[in-house]
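Starting from the known structure of chain A, arrange chain B on it as the hints suggest.
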Amino acid sequence: MPILECNGLTKSYGHALALSGVNLAIEPGRIVGLLGPNGSGKTTLIKLANGLLTPTAGEILIDGMAPCKETKKIVSYLPERTYLSTWMNVTQLLDFFCDFYPDFRRDVAQEMLQRLGINERQRIKQMSKGTREKVQLILVMSRSARLYLLDEPIGGVDPATRDYILSTIISNYSPDAAVIISTHLIADVEQVLDEVIFINQGQVILQSSVDDIREKNGKTVDALFREVFRC
Amino acid sequence: MLGKLLKHEFRATARVMLPLYLVLLAISLCGNFATRIMEHSSSQLLNLVGGLTIFAFFVGLMAVSLMSFFLMISRFHKNLLTDEGYLMFTLPVSVHGLIFSKIIVSTIWFIATGVVDLLAFLFLFFRVGYVQNFFHGLARLLEDMTSYYAVNFTALGAELLVLGILSCASLCLVVYASAALGHSFANHKILLSFAFFFGFSWISQFISLGGILVLDGMNFNFYMLENLTPVAQAHVMLLAFIAAELIYCAIFYVITAVTLQKRINLE
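Top to bottom, those sequences are chains A and B.
First residue of the first sequence? That's 1 in this note's numbering, and the numbers climb one at a time after it.
First residue of the second sequence? That's 232 in this note's numbering, and the numbers climb one at a time after it.
Hints were generated in silico from the structure; no laboratory data involved.
This one's a predicted model, so the numbers in the text were calculated from it and none came from an experiment.
One thing to keep in mind: the hints can contain errors.
What the hints assert, rightly or not - Taking lysine to aspartate or glutamate and the EDC-like style, the derived pairs with C-alpha atoms no more than 20 Å apart in a straight line are:
#1 K493(B) with E59(A)
#2 K129(A) with E498(B)
#3 K125(A) with D314(B)
#4 K235(B) with D103(A)
#5 K73(A) with E27(A)
#6 K235(B) with D99(A)
#7 K219(A) with D188(A)
#8 K238(B) with D95(A)
#9 K493(B) with E27(A)
#10 K125(A) with E80(A)
#11 K309(B) with E80(A)
#12 K238(B) with D99(A)
#13 K129(A) with E152(A)
#14 K125(A) with E240(B)
#15 K69(A) with E5(A)
#16 K235(B) with D95(A)
#17 K73(A) with D99(A)
#18 K129(A) with D314(B)
#19 K235(B) with E70(A)
#20 K69(A) with D99(A)
As the list claims (entries may be wrong) - Example chain B residues on the side facing chain A (calculated, C-beta under 8 Å, incomplete):
#21 A243
#22 Y317
#23 G345
Beta carbons are placed, not taken as given, at the ideal position from N, Cα and C, and that holds for glycine.
The shape of chain B in the complex, shown without the other chains:
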């Protein structure tokens, strides 16, 4: 059933995100033409239009990123915590399926938004020379780092990808846990959801900082790390971040699932 939930979640969100992506890419193409015109024209009007197009590009860039975030929140809230919840919670699917479908689809949109933002930048600055230089420079950088530091980019890339996906999932889960808890009360549901979100964020930061201070106070000198090469240190640190994100995700997943199963009372 997860596949069917994913299908309908994509259907519900793609109708918002795909047109936005198209608009952003179209603006970035216009921006590309605008910069070319601005380079060769002394007309104030053309320069003004070009400037406005570039401005629209950055507004579009922000709008797409913000929309992927707000869509993640609104889909969870509207689809599960308001009237639509009467349908979703009476489907023959588990609460876990409902939560996972939301996390997976939101994470995919976050990643897609990053890719489209990058594409939009490439469209904006597209000059054969610029793009070639960019990729050439990137390849040189990777080559140099491989030969100098003996970096295994496949492993590093995989770790960064996992960390990125887990970061997106943890962002979703802290929002879901806050919204679910806020809506488990009879009144002031939205206000309480915000309060839980800020509370959770504050506690997470407090624990992270507190953990570092405690380790420092215990004279934990990171001996193991000091004996490692810089690349190995980077791997250890990334794996530690991945483990921390996994714990963070697990905690907020349990809060979300238990609250939705036991405490939610749809109005």
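Isolated chain A, as found in the complex:
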């Protein structure tokens, strides 16, 4: 059974159509790049999967269920914004995640924090933007979730941190879980992807494995993306 499935998924904000009749299915064990230019509907799709928005038409299913309390137990979500309460310190955040997510692995999170030299007693408000993003990613990837939804996880960090984030993603997800990475920085993520979904103006225009793209088109994903989305 697909871990994420969309059937005729449509979302509009007033008269503006953000997603239009999206059909797709993502199987467990895949790292999928959700790729598209700005405003193509990537974030809307991820918000719908998290139950932060409700579909205008069609359906979105997580492990066969519409987004609800049960699906939130198996989805680990990294939004493009920093959602951490700035008055909290890292220890308090670890307590918070331990309390609400039974699949949260505190020891894994602590090990990653230690490796990055992040002090658990430090408050979020005392951290730089990059460090906050790292803490957030560590919290999200320290869960043993079935589906990771990562919205622009490498958007605002330096290249060295990008490498660290990508290696964290690869090393922390289990084979029965799927990871969806939404980004427009394709060259950076291409190395870790099994599959890509090209999305433009609210519609899926391509879903293919990375190997197929390379074999059939003789191009990298980045080169194909530039060709498809040429301005």
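Chain B alone, transformed into the frame defined by chain A:
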């Protein structure tokens, strides 16, 4: 999960409210010393310091009360309607759990603020004689009322307590409903939240007054009440207020829950 939400909500709010309570109680103790000094001193400087301390006490009293109100608003707004909402709404908890945790914690802080305000007054006016007289007088009043009117203070107290708790909850809910509706629009979220709050307040008053006028116009002479003793009348009135508050709470709870579930789009 409600227990865990309550735990973290208390943790987030206690760090603001508890230090404020301590400061207020400390000022009230200083105020107590100041009044004693002012009684026995003719020094202008000491009287000035004493006067300023009493002034600080009243400022502190107002600040604590206002803070409990603003904290109720800011926790709902910041924790659910801004970036923090991305975490809170993706926790494996229901929207009802989120709303209830906010209402319960805010109501407890409102009640705690009332208790601390009272304690602060007692600290300020603490003279063994004054406090003894106050409690003695209160006991006499209750005794007299019990014997004269046959008032059941347990029932009356319970009704007043329920009414007080529901009033706090309804204040929270009208604010939450306004903020949720205001933030369901794409622009001018704060301005629209205020507009909804004033709109709801106006409509509530209009309906309350309108209801009384309609009953009056229907020659509803409150026959039932006229045949009752004053104490029974008080019970009936309190129960009617409780029922009205429950309806008020239910309406704004539904507005808040439905808006958060169906219409909110975090930026």
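Taking the hints in turn, this is what the structure says about them:
For the proposed pair K493(B) and E59(A), the alpha carbon gap of about 15 Å is at most 20 Å, so the pair holds. Of the pairs offered as hints, the one joining K129(A) and E498(B) holds, with about 18 Å between alpha carbons and a cut-off of 20 Å not exceeded. For a cut-off of 20 Å, the pair hint linking K125(A) to D314(B) stands: about 14 Å separates their Cα positions. At most 20 Å may separate the alpha-carbon atoms for a hinted pair to count; K235(B) and D103(A) meet this at roughly 16 Å.
For a cut-off of 20 Å, the pair hint linking K73(A) to E27(A) stands: about 18 Å separates their Cα positions. Taking the CA atoms of K235(B) and D99(A), the gap is near 7 Å; set against the 20 Å cutoff, the hint holds. Simply put, K219(A) and D188(A) have alpha-carbon atoms about 16 Å apart, close enough for the 20 Å limit, and the pair holds. The straight-line distance between the Cα atoms of K238(B) and D95(A) is roughly 11 Å, inside the 20 Å bound, and the hint therefore holds.
Proximity of K493(B) to E27(A) is assessed by CA-CA distance (about 28 Å); at most 20 Å being required, the pair is judged violated. Using a Cα cut-off of 20 Å, the hinted pair K125(A) and E80(A) holds, with the two alpha carbons roughly 18 Å apart. Under the criterion of a C-alpha separation no larger than 20 Å, the hint pairing K309(B) with E80(A) is consistent with the structure, at around 17 Å. Proposed proximity of K238(B) and D99(A) is supported: the alpha carbons are some 10 Å apart, at most 20 Å.
Only pairs whose Cα atoms come within 20 Å are accepted, and K129(A) paired with E152(A) is accepted, the gap being roughly 14 Å. Between the alpha carbons of K125(A) and E240(B) the distance comes to roughly 19 Å, so the proposed pair stays at or under 20 Å and holds. Between K69(A) and E5(A), the direct Cα distance comes to roughly 17 Å. Compliance with the 20 Å bound is thereby established for this hinted pair. Restraint check for K235(B) and D95(A): the C-alpha separation of about 11 Å stays at or below 20 Å, so the hint holds.
Of the pairs offered as hints, the one joining K73(A) and D99(A) holds, with about 12 Å between alpha carbons and a cut-off of 20 Å not exceeded. Straight-line distance between C-alpha atoms of K129(A) and D314(B) comes to about 14 Å, which keeps the hinted pair within the 20 Å bound. For the suggested pair K235(B) and E70(A), the alpha carbons sit about 17 Å apart, so the restraint of at most 20 Å is met. With a CA separation close to 15 Å, the supplied pair K69(A) and D99(A) stays within the 20 Å bound.
Restraint check, A243(B) versus chain A: the minimum CB separation of about 7 Å is within 8 Å; hint holds. The restraint placing Y317(B) at the interface with chain A holds, with a minimum CB-CB distance near 4 Å, inside the 8 Å limit. At about 26 Å, the closest approach between the beta carbon of G345(B) and any beta carbon in chain A exceeds 8 Å, and the interface hint on this residue is violated.
Hint compliance for this structure: hints 9, 23 are not met, and every other hint is.
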